[in-house]
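From first to last, the protein sequence lines are chains A and B.
To get the working numbering, take the position in the first sequence, counting from 1, and add 1243.
To get the working numbering, take the position in the second sequence, counting from 1, and add 1.
It is worth saying that the hints were derived from the structure and are not from the lab.
Predicted model only: the values in this text are computed from it and were never measured.
Note that CB positions come from ideal geometry on N, CA and C, so glycine has one too.
Keep in mind that the hints are not guaranteed to be accurate.
Capping the alpha-carbon separation at 25 Å, the derived lysine to any residue pairs in SDA-like fashion look like this [said to hold, decoys possible]:
{"#": "1", "chain 1": "B", "residue 1": "91", "chain 2": "A", "residue 2": "1271"}
{"#": "2", "chain 1": "B", "residue 1": "91", "chain 2": "A", "residue 2": "1316"}
{"#": "3", "chain 1": "B", "residue 1": "43", "chain 2": "B", "residue 2": "2"}
{"#": "4", "chain 1": "B", "residue 1": "91", "chain 2": "A", "residue 2": "1319"}
What follows is a set of in silico ranges between Cβ atoms, one per label pair, in the way DEER data are often shown [stated by the list, open to error]:
{"#": "5", "chain 1": "B", "residue 1": "33", "chain 2": "A", "residue 2": "1294", "range": "32 to 38 Å"}
{"#": "6", "chain 1": "B", "residue 1": "106", "chain 2": "A", "residue 2": "1244", "range": "47 to 53 Å"}
{"#": "7", "chain 1": "B", "residue 1": "104", "chain 2": "A", "residue 2": "1294", "range": "41 to 47 Å"}
What follows is the residue order along each chain.
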Amino acid sequence: MITVALMFAIACYAVALLFNLYRVVIGPGVTDRILALDTMAINAIALLVLFGIWEGTAIFFEASILYAMTGFVATVAYAKFVLRGDIIE
Amino acid sequence: MELFWEILIAALLVIGGFFGLVGSFGLVKLPDPMTRLHAPTKAATLGVGAVLIGSMVYFAAFKGDLSLHELMITLFIFLTAPITAHFIAKANLLRDWRPERLPPPEGEGDWAVYTPAADTSALELQEVEDADKEAAREAAQAAAQAAAGTTGSEAERG
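Only chain A is shown next, with the shape it has when bound in the complex:
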């Protein structure tokens, strides 16, 4: 039962990542692309955790923590650059 649920969740997140990629490609604005990239990072965290359950190891949590942190910093840096034309003022 868990295996089926896991496959369902992984398929959902794979399709979600494709949706995000579509939004990154067609835009139309810069902020849409930033938002889509942020959502991609969050969905990648979910996929990493699901893969960790699939493999039965806890080692993917470290990777997902790193992904959460760098995703957040990257999004804020992008938005800050759009807002001010500079990241560290």
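Given the coordinates of chain A, assemble chain B onto it according to the supplied hints.
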């Protein structure tokens, strides 16, 4: 008991996958950037939260090691999602909207995105520039005075 844990974990995983898909579908489907901001920041957070809690329950129930890493990731995402949403909304407000088209904000003042006073770095640059100009003016004055003094003494000598 094992069946209960299996049902719980499977339900959490299915809920998580469903909400993640809904959030990203909203990102594609919704008509304009501000409404698109709404979909993933709420639904994807809930979806990822459900997946992470499902993972925590799985490792506690079947692998026998209760780890709090997942709670840490959930907390981190819950803390950072509003901040990123705020920043993206601000950037969108600056790029795609005119202040005339917006309702006035509550309280005193205008939207902080458009007011020049919100641009602290520009203010600081202006201050530095002013100080430089003042210093240059003083230096020029002092030089002129010194030049006047020397010519004056030369004239006296002559």
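Each hint tested on the structure:
Between the alpha carbons of residue 91 of chain B and residue 1271 of chain A the distance comes to roughly 17 Å, so the proposed pair stays at or under 25 Å and holds. Taking the CA atoms of residue 91 of chain B and residue 1316 of chain A, the gap is near 16 Å; set against the 25 Å cutoff, the hint holds. Between residue 43 of chain B and residue 2 of chain B, the direct Cα distance comes to roughly 33 Å. Violation of the 25 Å bound is thereby established for this hinted pair. Under the criterion of a C-alpha separation no larger than 25 Å, the hint pairing residue 91 of chain B with residue 1319 of chain A is consistent with the structure, at around 11 Å.
A hinted range of 32 to 38 Å for the beta carbons of residue 33 of chain B and residue 1294 of chain A is consistent with their spacing of about 35 Å. A beta carbon spacing of about 51 Å between residue 106 of chain B and residue 1244 of chain A agrees with the range 47 to 53 Å that was offered as a hint. Our hint of 41 to 47 Å for residue 104 of chain B and residue 1294 of chain A holds, since their Cβ atoms are close to 46 Å apart.
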